[in-house]
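Asker: Chains as they are written, first to last, in this note's numbering: chain A, 1 to 355; chain B, 1 to 297; chain C, 1 to 261.
Just so you know, these hints were derived from the structure itself, not from any lab. Hints are not guaranteed to be accurate.
To be verified - Derived DSSO-like pairs: lysine-lysine, alpha-carbon spacing no greater than 30 Å straight-line:
1) B/Lys142 with A/Lys129
2) C/Lys98 with A/Lys345
3) A/Lys345 with C/Lys24
4) C/Lys137 with A/Lys10
5) A/Lys129 with C/Lys138
6) A/Lys347 with C/Lys138
7) A/Lys129 with A/Lys345
8) C/Lys137 with A/Lys267
9) A/Lys197 with C/Lys24
10) C/Lys24 with A/Lys10
11) A/Lys197 with A/Lys345
12) C/Lys98 with A/Lys267
13) C/Lys113 with C/Lys138
14) A/Lys129 with C/Lys137
15) C/Lys153 with A/Lys347
16) C/Lys153 with A/Lys50
17) B/Lys30 with C/Lys153
18) C/Lys115 with A/Lys197
19) A/Lys267 with B/Lys142
20) A/Lys10 with C/Lys113
21) C/Lys24 with A/Lys50
22) C/Lys113 with A/Lys345
23) C/Lys138 with A/Lys197
24) A/Lys50 with A/Lys267
25) A/Lys10 with C/Lys194
26) A/Lys267 with C/Lys138
27) A/Lys345 with C/Lys115
28) C/Lys115 with A/Lys347
29) C/Lys138 with A/Lys150
All figures in this text were calculated on a predicted structure; none of them were measured in a lab.
The lines below spell out each chain.
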Amino acid sequence: MLYREAGQFKATYAADQQIFPIRQDRIGIQLLLALAFVAVPLFASEYWLKAIMVPFLVFSLAALGLNILTGYAGQLSLGSAAFMAVGAFASYNFMLRVDGMPLLVAFALGGLAAALVGIVFGLPSLRIKGFYLAVATLAAQFFIVWLLTKVSWFSNDSSSGVITAQAMVILGYEFASPQAKYLLVLGLVATMALMAKNMVRSSVGRAWMAVRDMDVAAEVIGIRIMHTKLLAFAVSSFYCGVAGALYAFAYLGTVEPEGFNLDLSFKILFMIIIGGVGSISGAFLGSAFIVLLPIFLDVLVQDVFAGLLSPTIASNMQLMVFGGLIIFFLIVEPHGLARLWQIAKEKLRLWPFPH
Amino acid sequence: MQFFLEVLIGGLLSGVMYSFVALGFVLIYKASGVFNFAQGAMVFFAALTFVGILEMGVPFWLALVLAFGAMVLLGIGTERIVLRPMVNQPPIALFMATIGLTFFVEGLAQAMWGASVRGLELGIQDEPIEWMMEATGIGVSKFDLFAAGVAAVLVTALALFFQYTRVGRALRAVADDHQAALSIGIPLQTIWRIVWAVAGFVALVAGLIWGARNGVQFALTFTALKALPVLILGGFTSVPGAIVGGLIIGSSEKLAEVYLGAYVGGGIDSWFPYVMALAFLLIRPEGLFGEKHIDRV
Amino acid sequence: MNGRQIGDVILDLQNISLRFGGVKALTNISFDVREHEIRAIIGPNGAGKSSMLNVINGVYHPQEGRIVFHGEERRRMEPHMAAMQGIARTFQNIALFKGMSVLDNIMTGRITKMKSNFIEQAIHIGRAQREELEHRKKVEEVIDFLEIQHIRKTPVGRLPYGLQKRVELARALAAEPSMLLLDEPMAGMNVEEKQDMCRFILDVNDQLGTTIVLIEHDMGVVMDISDRVVVLDYGKKIGDGTPDDVRNNEEVISAYLGVAH
């Protein structure tokens, strides 16, 4: 009964074009932000902040990036992890080689470097489509990881390309505690999520979706296909690049090129499938699901089936559950958790009179 | 020159092995429009199952039959549980489902048979053919030649199967147009099951040959990644494309590794085939054997 | 219908030939379109009508012939450039963006008129936000004009066929085109829907002054609303003139009814 929009009339187009046109949603998102910015750092344990909340946010950002490309612009990519790697290594090198480089600028430059690489590997999309393109993005995946491993300059001549990210210092304050790191990541991710939402509800987002849904018609109404596709690759790679920088600087601290392998790319792809292809909130839901699922399964194996399953079987069961869930989601709800949430809200609007 | 030829021939023959895996992709893509990413996992599953059965003391040929049976079951299961409920979904969703299937099949194979690396002995040595070595000075592996022979037999058999049997004809009809095939009474689901079973068989053969060469281990799943550039080169729907594409990728990869790899630190075979296939696509987007597509509006 | 004044030739097609490989889609076709008129292209299936529209808005590139638009000869042109020059169109098989709402679909029609770049849009203050609102207002005018207010937030995939056609027309109109190409706007509609569509086409032509080139199979409609008609058969022009001229043209009659040998 609480979730009603009766009585909320919109007298202007501005009111109708807000991100959350329904008042209850606005209150909901404010509560959520308050929770994330205040309650979580105050009450969450160190383990939760370091091992769950930070990776959750970092992966959400990467999933957002992939969702812009795949969900909105319709270009399937299997190379997200490679663009994360570019972001991580570029930020590291900017910090290393430029004296007094501000941290946030280094992140932005890392993102831009990834965007440039994204444009280069997006070029084939102008001539090839669908599965051919998906396979082509694998070229980016393998080539970039190889290059970062082989050319030792990128890792400042460390063995097998391992880099240790610099301390995160902004205006003399060092983000060292789990709380501080979490808040920094949260601030960046929230800002970039808002910007992504703004893009997809503006003409650039509509151009992406138009190209996704029917490229010939899109061209006929005046959309420049090349420009639109490459922009999607650039923006998407920028998001992945920043996510990669955060992955190195705020989450792991030490990373190697091999850490950004195909498995990680698939993981991010699964996030958007489960969360919802073509949905901003879906990136967050999917990331939460994929981050939490292995932890949940571990707990299940260790506490509930303690001793019943050998470690090999248990880890393979995890693979099977993972794969099975992907298939399950695609069959039952191809639009993912975000759609389930939307359906729940629609039901709630009508409840208790469903007709 | 001799060295060049040796590298080239070695490359061509290993290209045949890529073709094996690519062939499995092509079969399924042709008949159902599904880009089956799980083909590599199927190769792994088939090889592991075969070795697992063999280790239980079952004779070779019976183990082969049983392993094939397992692949048929896997194919039917996939059709029933994954494909049928997703009939009206876009191809990209089906593709993602097969990535899920990859994880599932890999997990299943290792849960059933364990994750340790196994050897597999087919009784053919991976050593140069002596008389050829003596006559020309070029070393060609017996095993590679055997693999090429198996490929030739397999491809011929498949071609005959497609061309001259009832099922083959129905299959081509389905590949052409699902709706039209359904409307003239071709049982779509049966066809799909057959195709998945045949793809399972191809995976089994590929698994045996790859497994005998490199050991039966998780790395077999990566054969799929080797086959993908072959597909972009040869086209997703062409059986000859898979063969020729495999040969091109195999030989150029080896040549590049030998002549180019030295300058850049080696290991370029992970990405070189992709970049090459891509460069090729930019010139000819429809692939080697694909048809030019005209957009109608 | 007499409020409008038919003006000079704005589009002149001269000796257009188009081939796909060995297949001749159009052979040596010439005709012109005058400002503010309703120009129909008719002909049996496979006569090359849709190809003709595709040539006009740059989807296909004819191997031979000259196209003069607003007095300027056109070189090879891409479809988005045609849109910039004020040519909008609808498609034979509805080509809406299925994943988007009616409102968003129509908003895409204004994409060439939006000036803010993606960074401004990401920050979404100032020009980008103002633009959204201004263009929304324009789009709402089109929505009112075509009487589709009740479905503006509906995903287009859920709409019945007739309404989808109307949304497609709305998307084309949102671009405020000077020339509108309609590819079978009434195909598959019932009588009532056809009447509505006819009214909209006439209103567009009359009130907005838009030049219209349309392909239609319903002869009654074509003869009623068009000023001049071009008849194609097997990629060749076999008739051109007012509806009455065309109706009495021997060649046209035989193409439509068959001829005794």
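Asker: Against each hint, give a clear statement of whether it holds in the structure.
Answerer: Hints, verified against the model:
{"no.": "1", "hint": "B/Lys142 with A/Lys129", "result": "41 Å, violated"}
{"no.": "2", "hint": "C/Lys98 with A/Lys345", "result": "22 Å, holds"}
{"no.": "3", "hint": "A/Lys345 with C/Lys24", "result": "55 Å, violated"}
{"no.": "4", "hint": "C/Lys137 with A/Lys10", "result": "14 Å, holds"}
{"no.": "5", "hint": "A/Lys129 with C/Lys138", "result": "34 Å, violated"}
{"no.": "6", "hint": "A/Lys347 with C/Lys138", "result": "33 Å, violated"}
{"no.": "7", "hint": "A/Lys129 with A/Lys345", "result": "36 Å, violated"}
{"no.": "8", "hint": "C/Lys137 with A/Lys267", "result": "42 Å, violated"}
{"no.": "9", "hint": "A/Lys197 with C/Lys24", "result": "48 Å, violated"}
{"no.": "10", "hint": "C/Lys24 with A/Lys10", "result": "56 Å, violated"}
{"no.": "11", "hint": "A/Lys197 with A/Lys345", "result": "20 Å, holds"}
{"no.": "12", "hint": "C/Lys98 with A/Lys267", "result": "28 Å, holds"}
{"no.": "13", "hint": "C/Lys113 with C/Lys138", "result": "11 Å, holds"}
{"no.": "14", "hint": "A/Lys129 with C/Lys137", "result": "36 Å, violated"}
{"no.": "15", "hint": "C/Lys153 with A/Lys347", "result": "18 Å, holds"}
{"no.": "16", "hint": "C/Lys153 with A/Lys50", "result": "42 Å, violated"}
{"no.": "17", "hint": "B/Lys30 with C/Lys153", "result": "39 Å, violated"}
{"no.": "18", "hint": "C/Lys115 with A/Lys197", "result": "19 Å, holds"}
{"no.": "19", "hint": "A/Lys267 with B/Lys142", "result": "41 Å, violated"}
{"no.": "20", "hint": "A/Lys10 with C/Lys113", "result": "26 Å, holds"}
{"no.": "21", "hint": "C/Lys24 with A/Lys50", "result": "67 Å, violated"}
{"no.": "22", "hint": "C/Lys113 with A/Lys345", "result": "36 Å, violated"}
{"no.": "23", "hint": "C/Lys138 with A/Lys197", "result": "23 Å, holds"}
{"no.": "24", "hint": "A/Lys50 with A/Lys267", "result": "19 Å, holds"}
{"no.": "25", "hint": "A/Lys10 with C/Lys194", "result": "34 Å, violated"}
{"no.": "26", "hint": "A/Lys267 with C/Lys138", "result": "43 Å, violated"}
{"no.": "27", "hint": "A/Lys345 with C/Lys115", "result": "36 Å, violated"}
{"no.": "28", "hint": "C/Lys115 with A/Lys347", "result": "39 Å, violated"}
{"no.": "29", "hint": "C/Lys138 with A/Lys150", "result": "56 Å, violated"}
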